[in-house]
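J.: Below, each chain spelled out in residue letters.
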Amino acid sequence: MTATVQTQTLQAEWRDYFALTKPRVMSLVVFTGLCGLLAAPGNIHPVIGFTAVLCIALGAGGAGALNMWWEADIDAQMKRTAKRPLPQGRLRRNDARDFGVAISVASVLVMGLVVNWLAGAILAASILYYAVVYTIWLKPRTPQNIVIGGGAGAFPPLIGWVAVTNEITLMPVLLFVIIFMWTPPHFWALALFVKTDYAKAGIPMMPVVAGETATRRQILAYSAILLPVSLAPWWIGGTGVIYGAAALVLSGVFLALSVPVAFRRAGEDDRMKPEKRLFGYSVLYLFALFAALVADRLILGQGILE
Amino acid sequence: MTPEEQEQLKRSRRGRNIALALVLAAFVVLFYAITIVKVGTGNG
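Quick note, the sequences are listed as chains A and B, same order. Following the numbering used here, the numbering of the first sequence begins with 1 at its first residue and continues without gaps. Following the numbering used here, the numbering of the second sequence begins with 1 at its first residue and continues without gaps.
Here chain B stands alone, though its shape is the one from the complex (with noise of 0.2 Å):
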């Protein structure tokens, strides 16, 4: 492997981790709001 490719593949590898925290992140919130709305009003 190249070094360019080395690089290309950490560049790759950083995206997306960073998407997945993101997206990760994202379910956190939600489900904490969910669980909110669901003890709020009883249904849960």
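Isolated chain A (complex conformation) (with noise of 0.2 Å):
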């Protein structure tokens, strides 16, 4: 009973809103949105730039919002997640929407007003995608919910590209492409060292419904194909050298990986280490592919040519 007074009576602390958003995936998020805005051809006025970064950033945080307002219930069920402000009742369930809400159509509308509204409506698409499409409709109806949530994700490069160039070209498409092959086996090398808590919580994830052996030769197919598909901005001219380089080394060491991920079993009491290396490098590859792709456009300025 004593939650139940507290969230009465108790007013939350700013850090319950902080935590709201995210913070430790906005990190990545603003990262690849500001890759996707460096790697860009053309010039952007620093103040926009930030400014286009920061509405990423703000769009993210209220998607975040919005998912943690959906699903206080199953966060509550889950040990990774039950000490969000919402489970613990430091925050009422309605103020999070509304909090959502409002960060989500200030985040668009800046974009649009002071960057541009081609990058404003794929930020708005982005938001909706993740928190109606994702979070609402299909994450608790099938086990291929992490593919989709994984497009959410890929948003934030294409987001940062448009700001500067104000048209979808091939580059930024890839880039999207590359977030969205990369967050499966991401995210199936965590489920598979913390699925106890998934299935707990009614959540279908691959590695619960479709069981491990299936889940493991799926991570092995995603990362086979980020092979190519990371290598690809180099093969049609968009990036140097540089990149092309970095993608194939990285790439590979992401598909070396998973070769022992895809073809074991674990036993009873296992300490899932090869799991947990993936997951681990695959956080790692992601920063450095992007700032490969930064480093690549600064030191050989490719996109200028086009």
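Honestly, the hints are just simulated from the structure, not real lab data. Built from N, CA and C at the ideal position, the CB exists for glycine as well. Some hints here could point you the wrong way.
What the hints assert, rightly or not - In silico BS3-like links for lysine-lysine, alpha-carbon gap of 30 Å or less:
no., chain 1, residue 1, chain 2, residue 2
1, A, K83, A, K276
2, A, K79, A, K273
3, A, K79, A, K22
4, A, K79, A, K276
5, B, K10, A, K83
6, B, K10, A, K22
Stated by the list, open to error - Estimated spans, in silico, between C-beta atoms of each pair:
no., chain 1, residue 1, chain 2, residue 2, range
7, B, A19, A, D270, 42 to 50 Å
8, A, E167, B, K38, 14 to 22 Å
9, A, K200, B, L30, 38 to 46 Å
10, B, L24, A, P140, 32 to 40 Å
11, B, L24, A, R92, 16 to 24 Å
12, B, L24, A, A245, 42 to 50 Å
13, A, A210, B, E4, 49 to 57 Å
14, B, A26, A, W117, 23 to 31 Å
15, A, V283, B, L24, 27 to 35 Å
With the hints as a guide, dock the two chains, each given alone in a separate frame, to form the complex.
T.: Below you can see the structure in the form of structure tokens.
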């Protein structure tokens, strides 16, 4: 009963609102969005560029808050998420919803008015996609939820790029596809070592529904596709050799690390070392790949010729 | 409500107000900078 009483009497700290925006996810969103912006051909005033990245971050934060608003009951049942503000009762559920809607709408309007409306429209689409299509509609219904959710995380570099160019070309779409293909092996590696939690909360995560073996094979399949996809920006001449070489090495290691994950079975009290190694590497991979993309553009200046 | 809870409530409200004030001040600075840039480049 203490929890109920606290919900009504204690007011939320500012940190609770901050936690609603999923700051750790946001760091990856800000980074890939900024890389898309820096790698795009053309110039953007630093103040406008900063505003674009800020809007991407705010939009992601708003979508994160809406996700937590919708999933408060599910989060309460899982060890990884039970400490979030809503399951802890530190915040009213409707306040989380209103906060999410407010910063989402603000991010889209500022992006449209200050940067350009194409970037604003894609930002709006990405928020709706994550909060509605993924969180509300598909996540509780299909074991392919991570593949679909990966689409939401794939938007930031595309939005960053379009903020500069004001048009959708093949390069930003390829950046989208890279993150799209990266998400399933990244997340399923995690799901393999925390799967008991998802089963308890009734979320049809791949290892729970299709079984461990099928999940492991799919991790390998996506990692294998990621190799040519990550090299595509170089093949079409959108980047120079710095990115090409980095993509080859990084994706090669990704594939090599996913092979042991694909062909083993977890025993009793398994420490899941290959899975944890693949998950840890996958985060490093994305940072390194996008850093290489920006380094390539800044050093070789490829995009300028377009 | 106990005096301790009252105190706690005041503290968290004060914290939220300060955070909101800082965010709003940051936006004022940002929009000022954007205005200068837009007027300066004639893209307004």
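J.: For each hint, tell me whether it holds in the structure or not.
T.: Tested hints:
1. A:K83 to A:K276: holds (22 Å)
2. A:K79 to A:K273: Since the Cα atoms of K79 of chain A and K273 of chain A sit roughly 20 Å apart, the hinted pair holds (cutoff 30 Å).
3. A:K79 to A:K22: Holds: K79 of chain A and K22 of chain A sit about 16 Å apart, inside 30 Å.
4. A:K79 to A:K276: Holds. K79 of chain A to K276 of chain A sits at ~17 Å (cutoff 30 Å).
5. B:K10 to A:K83: holds (23 Å)
6. B:K10 to A:K22: holds (26 Å)
7. B:A19 to A:D270: 42 to 50 Å: Since A19 of chain B and D270 of chain A have Cβ atoms about 44 Å apart, the given range 42 to 50 Å holds.
8. A:E167 to B:K38: 14 to 22 Å: holds (21 Å)
9. A:K200 to B:L30: 38 to 46 Å: holds (44 Å)
10. B:L24 to A:P140: 32 to 40 Å: holds (37 Å)
11. B:L24 to A:R92: 16 to 24 Å: Since L24 of chain B and R92 of chain A have Cβ atoms about 22 Å apart, the given range 16 to 24 Å holds.
12. B:L24 to A:A245: 42 to 50 Å: Between L24 of chain B and A245 of chain A, where Cβ atoms are some 46 Å apart, the hint holds.
13. A:A210 to B:E4: 49 to 57 Å: For A210 of chain A and E4 of chain B the Cβ distance comes to about 51 Å; the hint holds.
14. B:A26 to A:W117: 23 to 31 Å: holds (24 Å)
15. A:V283 to B:L24: 27 to 35 Å: holds (34 Å)
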